[in-house]
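Q: Below, each chain spelled out in residue letters.
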Amino acid sequence: MSDHFIEDKTTRVTVNLEGKAEKVDFNDLKSGGFIKQRQKDLFTVRLRCPGGRLTTDKLIKIAEIANKYSKKGVVHFSFRQSLEILYVDYKEFNAIVAELEKIGQKVASCGPRVRVPTACGGCEYNPNGLTDTQGMARMVDEKFFGTPTPHKFKTSFSGCPIDCARTKEMDLGFQGVVEPVWDEPDCTGCTICSEACKEDAIQSDPDSGKPIFDPMKCIYCGDCIRACPTEAWKAKRYGHIVRIGGKHGRHPMEAIEVSKFLPDEKVPEAIHKTIEWYNANGKRGERIGNAIKRVGLKKYLEFMDSVFESGSPVDYAAPKQGVKG
Amino acid sequence: MSDINIKANASLDLRGVMCPINFVKTKLKLEMMDAGEVLEVILDGGEPIQNVPKSIKEEGHKILEVKREDGYFRLKVQKS
Numbered sequence: 001m002s003d004h005f006i007e008d009k010t011t012r013v014t015v016n017l018e019g020k021a022e023k024v025d026f027n028d029l030k031s032g033g034f035i036k037q038r039q040k041d042l043f044t045v046r047l048r049c050p051g052g053r054l055t056t057d058k059l060i061k062i063a064e065i066a067n068k069y070s071k072k073g074v075v076h077f078s079f080r081q082s083l084e085i086l087y088v089d090y091k092e093f094n095a096i097v098a099e100l101e102k103i104g105q106k107v108a109s110c111g112p113r114v115r116v117p118t119a120c121g122g123c124e125y126n127p128n129g130l131t132d133t134q135g136m137a138r139m140v141d142e143k144f145f146g147t148p149t150p151h152k153f154k155t156s157f158s159g160c161p162i163d164c165a166r167t168k169e170m171d172l173g174f175q176g177v178v179e180p181v182w183d184e185p186d187c188t189g190c191t192i193c194s195e196a197c198k199e200d201a202i203q204s205d206p207d208s209g210k211p212i213f214d215p216m217k218c219i220y221c222g223d224c225i226r227a228c229p230t231e232a233w234k235a236k237r238y239g240h241i242v243r244i245g246g247k248h249g250r251h252p253m254e255a256i257e258v259s260k261f262l263p264d265e266k267v268p269e270a271i272h273k274t275i276e277w278y279n280a281n282g283k284r285g286e287r288i289g290n291a292i293k294r295v296g297l298k299k300y301l302e303f304m305d306s307v308f309e310s311g312s313p314v315d316y317a318a319p320k321q322g323v324k325g
Numbered sequence: 326m327s328d329i330n331i332k333a334n335a336s337l338d339l340r341g342v343m344c345p346i347n348f349v350k351t352k353l354k355l356e357m358m359d360a361g362e363v364l365e366v367i368l369d370g371g372e373p374i375q376n377v378p379k380s381i382k383e384e385g386h387k388i389l390e391v392k393r394e395d396g397y398f399r400l401k402v403q404k405s
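Heads up: the sequence lines are chains B and V, in that order.
When the letters of the first sequence are read in order and numbered with this note's numbering, they come out as residues 1 to 325.
When the letters of the second sequence are read in order and numbered with this note's numbering, they come out as residues 326 to 405.
Extracted from the complex, chain V is given alone in its bound form:
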């Protein structure tokens, strides 16, 4: 696990939000941000973490950091 602590410009807590709504919310938030800005996304384990990072990558954004916390994941996503 990397020690770098990347500062996020915005944060989205998607715990309890189902697929694919969690991805849609992430996408809409990223669309409102500028290229290069960082969005923090908090995702549940299971389906959300299986699907959302894949979809974020397919949209061309960069996942800078992933931190596993108790039952959920904290992602830092950089807008392309």
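Bound-form chain B, shown alone:
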């Protein structure tokens, strides 16, 4: 196994909080999003910001709290889009948590559990966005955040094939797609679609200018649909490409595509069942990608079949990249 999980071995200490003795267990701290710093007694407090989105009102209040408790007056944007307040004295944990709670801001977590989901802007305001990635991130945060798993479990949502949320590096990633369909009567043969397609999946007929579509080259970004002046290219269906078993770190692994066009309403079930499989099959300290490598992709896919069948599963007999089944 390549990625050992090492427990924080720091011990239990007694601290004096407002005159009464309280126990702080450093082992519990990581699960609560408190990360020990190099500096004696100082910790990073990681906040929970699903999809990296905050209201400006809340951000102002967080800034006030950070300014009060950070001994150096600094915050850091974590690699998973959450805000971290640096240089917080552990003796002030209770106070800072209480103040954060008052403004409705929760603290994140570390360790072997479902982490705060990350997401791009999604279809709400990004012109490329095909799925409501922010809504999905909120759903995962509400339903699954903190669920114990054999090792860390990271999810992310990208709204289109540009994949800014890097679903290929997640334990479980969802990337928005749209299946284009062409309606001949509406087409004027203007050839914009063949110009708009960055994948060379659309050629224009030299005589009529009408599109010749190669589905094997299409990555389902929807550029043809958005570029078409006469709505001859339409959206047949929206969904998510589902990717499993990716990770970064010391030994990166690329996730394997296990479903195409999984509809929105099946996403919670896909996550729920994947966690169930992981908890039944994964060894302590083993990422799901390694568990799949050891147990076999086929076993996982059999378990997931009832969910993934609704997303027209790809041919998984010969996965092109990543873990072999």
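Because the hints were derived from the structure by calculation, they are not lab data.
Hints are not guaranteed to be accurate.
Selected chain V positions facing chain B (Cβ under 8 Å, derived; list incomplete) [what the hints assert, rightly or not]:
id, residue
1, Val342
2, Ile374
3, Gln375
4, Pro378
5, Lys379
6, Ile388
7, Arg393
Virtual Cβ for every residue (Gly too), placed ideally from N, Cα, C.
Please build the complex by placing chain V on the supplied structure of chain B, with the hints as guidance.
A: Just chain V, lined up with the frame of chain B:
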């Protein structure tokens, strides 16, 4: 390709103009025009033709006609 020849009220030659300046110029020109009027826009192939028509549509205007000429495109856009 349609044979209709739509008469334009104004014309904008955006050959050699980069994204997104070409779209911004189109948008500013359309803002000066009345609803229903037609603007002719000439765009380079490649990025300009990939992006500008999408953005024009997203602003709610209608692309009435597209003609492919040698290495560039001639669009007729109706202001919404």
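Q: Going through the earlier hints one by one, which of them does the structure break, listed in rising order?
A: 1
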